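**Student:** Sequence:
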Amino acid sequence: MGFSHEKTTHHFLLEGKGGAVQVEANAADDKESREQIQAHLGHIAKMFAEGNFNTPMLVHSVLPPGTPTMTRLKAEIRFSYESSPKGGRIVMATSNKEALDAIHEFLRFQIKDHNTGDPLIVDAKD
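Sequential numbering from 101 applies to the sequence shown in the working numbering.
Restricting the straight-line Cα-Cα distance to at most 27 angstroms, the calculated cross-link-like pairs of lysine-lysine (BS3-like) are:
1. Lys197 / Lys117
2. Lys107 / Lys186
3. Lys212 / Lys186
4. Lys174 / Lys117
Have a look at the derived ranges for each label pair, beta carbon to beta carbon:
5. Lys117 / Asp213: 22 to 30 angstroms
6. Gly116 / Lys212: 17 to 25 angstroms
7. Glu205 / Ser180: 14 to 22 angstroms
8. Glu198 / Asn126: 35 to 43 angstroms
9. Glu135 / Glu205: 25 to 33 angstroms
10. Asp201 / Asn126: 27 to 35 angstroms
11. Glu132 / Glu176: 34 to 42 angstroms
12. Glu106 / Lys197: 36 to 44 angstroms
13. Glu132 / Lys197: 38 to 46 angstroms
Honestly, the hints are just simulated from the structure, not real lab data. The model shown is predicted, which means the values in this text are computed figures rather than measured ones. Where is the CB? At the ideal position from N, CA and C, for every residue including glycine.
Required output: the full structure, derived from the provided sequences and hints.
**Tutor:** The following block contains the structure:
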């Protein structure tokens, strides 16, 4: 992935209109990890927007659930990258119900596979 898993924390967040993949350096002063995260997530956001989900497949050795639908409906999903002081996030948003279900399926797989402990349901306030 281009950055240390020991020095960083992943979160996969389900939201009402989609969700996010968030990665941050564990230490606020870890400039190297922050820059590696930001470069990686910026690149991945562009790949996702093109319907390219090869990186998650390589990481997990299996095509993550939801990605075939996300690829087919890529024009219905907005993929954007946002930096943060300790890393960044890829935000996925859609108004298409089928695409939304696929995003949530993809994120739930990530939560379980990475054992992040993130909620598997959408917060009612989203």
